[in-house]
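Okay, here's what each chain looks like letter by letter:
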Amino acid sequence: MKNIWHLGVVSYKDSIRKRILWVFLIFSLILIVFAVALEVMSLERSSVFDKTAGLEATGAEATEEKMAKDMGIASIAIFAVLILLFTASSQIPEEVEGRTLYTLLTFPIRRRYYVLGKFLGQLLVVLTIVPAMAVILYVALFLKYGTLDAVMLKGIYALVLQLAVLASVSVMVSTFAPVNFNIIFCFILFLAGHTTGYIGTAARETGVLPAKWALTLLYTVIPNFEYFNLSSELALKTNVSFPYLLSVTLYALVYITIMLTIAAAVFRDRQV
Amino acid sequence: MSRNVVVRTIDLTKVYRTFWGKTHVRALDKVNLEVYEGEIFALLGPNGSGKTTTMKLLLGIMFPTEGKVEVFGKSPRDVEIKKDVGFMPEESYLYRFLNADETLTFYANLMGLDRTERKRRINEVLEVVGLTEARRRRTREYSKGMSRRIGMAQVLLKDPKLVILDEPTIGLDPMGAREIKDVTLELKRRGKTVILSSHLLADVQDICDRIAILHRGNLVTTDSVENLLTIEDTWEIVVRNLREDTRRRVEQVIREGGGELQSIGHPRESLESLFLKTIKEKDIRG
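First to last, the protein sequences are chains B and Z.
Position 109 (the first sequence) corresponds to 109 in the working numbering; numbering is contiguous.
Position 208 (the second sequence) corresponds to 208 in the working numbering; numbering is contiguous.
Worth flagging that the hints you see were computed from the coordinates, not collected in a lab.
Do not rely on the hints blindly, as some may be mistaken.
If you only want the chain Z side, here are some residues facing chain B, beta carbon under 10 Å, derived [unchecked claim]:
hint	residue
1	I61
2	E80
3	I81
4	G86
5	F87
6	D101
7	F106
8	N109
9	L229
10	T230
11	I231
Predicted, not measured: the structure shown is a model, and the values here were computed from it.
Built from N, CA and C at the ideal position, the CB exists for glycine as well.
Extracted from the complex, chain B is given alone in its bound form (with noise of 0.2 Å):
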């Protein structure tokens, strides 16, 4: 089990280092910076809260600082998921292309760790990118309004996990398919994951059988990244309670494992 970490040390020393990553991470800094400091709105302040209630916030300003946490978190989301598929995707078929498979595989260590490895090298680049920008974001916010925003953490945390199910996807699809399929195949996904609500609308509503099906297994099989997507509840400053919480991450934590077994199981028997 220690060659797990081991493997996804080394897995994340390579991701971490390489330049698209921080071109990446530089850019969605800037637009983050620029997202919070932009003066958006430039109609007359009108009250939409109660003064009586002791409310500072006038109804523009507080449209305001939504917005810009809206475009910073999508800011992180956008930039988080770009660097995760240009770094997930490469790495086994960089090993297989550089031949340090070979004299890997040599070692004893089990496949199954070896993919897990590769999927925990990954995690750590989530993990080290995300808190990251969302520091950038947090301290462009708090210069900008005063405020920190405890819902906030918990989207974040949500987008950790929606990356994590993102990077497992793309480790499973690494262990058979060329980078540029993947990366492709991935962003794809990741579109489409935030579509399932039409996909299963238009299931439940079809009369064509073989559609129905189709758009049933597509429902059932393409993960529901609109399950991880809190930017409402963080514009309506609603509290995310502890069991949405808990079934986000039971979700992402069954997802992730399903796309790791496939992955292992695919990998046992690939030939270098």
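On the provided structure of chain B, position chain Z as indicated by the hints.
Chain Z only, in chain B's frame:
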């Protein structure tokens, strides 16, 4: 005298197929081999003869289409026997962002070595391969010879019973090649079994006990170097300080005895030994 069989292949066949399942290349065709404990065994053959395929099958990173491979009596896919098998690939494919120390630490960790043992072995193998001074340099800065030495270091780190070397001397200068050959002979001296593949025949002839020649996936011959290379009906006599009149009398005796004198003259030193001697003398003189 019975000898322990370390590696055995039984009708080993490997067929590469296209995506649609059609036979693309028959890389190995019913190859039967045995490699005995403590010998240096060479797989020879031109490019595409099946040497690398055989090695990958012995290592368990590729699987036979038909037939069987046994390493220490078990399948090479068995994780336990991998502790006893070391492999140095043709190119030392390294994690280029790690230095030598980090590379060997990574491999030592995979071996499950504890901290003390890990440090001891790493220091030892770096000393053996002559990379102690360069241990903190990233491997992407290494020359070909240095990369090959790190490749050998990770093999020695394991202290395996069976060592598999794929084209160990290719691309190296004569001194580098000599170092690899010396290390290989030292491995044999320590009781290890070595299987190497090469198409540099002079290097193989220097150090191997037995060889197998592959051609287009077929095993053409396998025997000891001694048996294969000895020309039975020809004698070689090497003499020092022979006077001219004695030489003429020797020639006459040969002719009278019915022998056919093939050649007589001064033997030639090998180019390798001349090169090594010259460089060494230059180093001493400074």
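Structure-based check of all given hints:
The closest approach between the C-beta of I61/Z and any C-beta of chain B is roughly 5 Å, which is under the 10 Å cut-off, so the hint is satisfied. Interface hint at E80/Z: satisfied, since its Cβ lies 7 Å from the closest Cβ of chain B, which is below the 10 Å cut-off. Because the closest C-beta pair between I81/Z and chain B is about 8 Å apart, less than 10 Å, the hint holds. Taken as an interface hint, G86/Z checks out: its beta carbon lies about 7 Å from the nearest beta carbon of chain B, inside 10 Å.
Here the hint on F87/Z is kept, as its CB sits about 4 Å from the closest CB of chain B, short of 10 Å. This hint is violated: D101/Z has a C-beta 14 Å from the nearest C-beta of chain B, more than the 10 Å allowed. Evaluation of the F106/Z hint against chain B yields a held restraint, the C-beta minimum of about 6 Å falling below 10 Å. Nearest Cβ of chain B to the Cβ of N109/Z: about 4 Å, under the 10 Å cut. The hint holds.
Hint status for L229/Z relative to chain B: violated, with the closest Cβ pair at about 32 Å, above 10 Å. A cut of 10 Å between beta carbons decides the hint on T230/Z: the least distance to chain B is about 36 Å, and the hint is violated. For I231/Z, the suggested interface contact is broken, since its CB lies about 39 Å from the closest CB of chain B, more than 10 Å.
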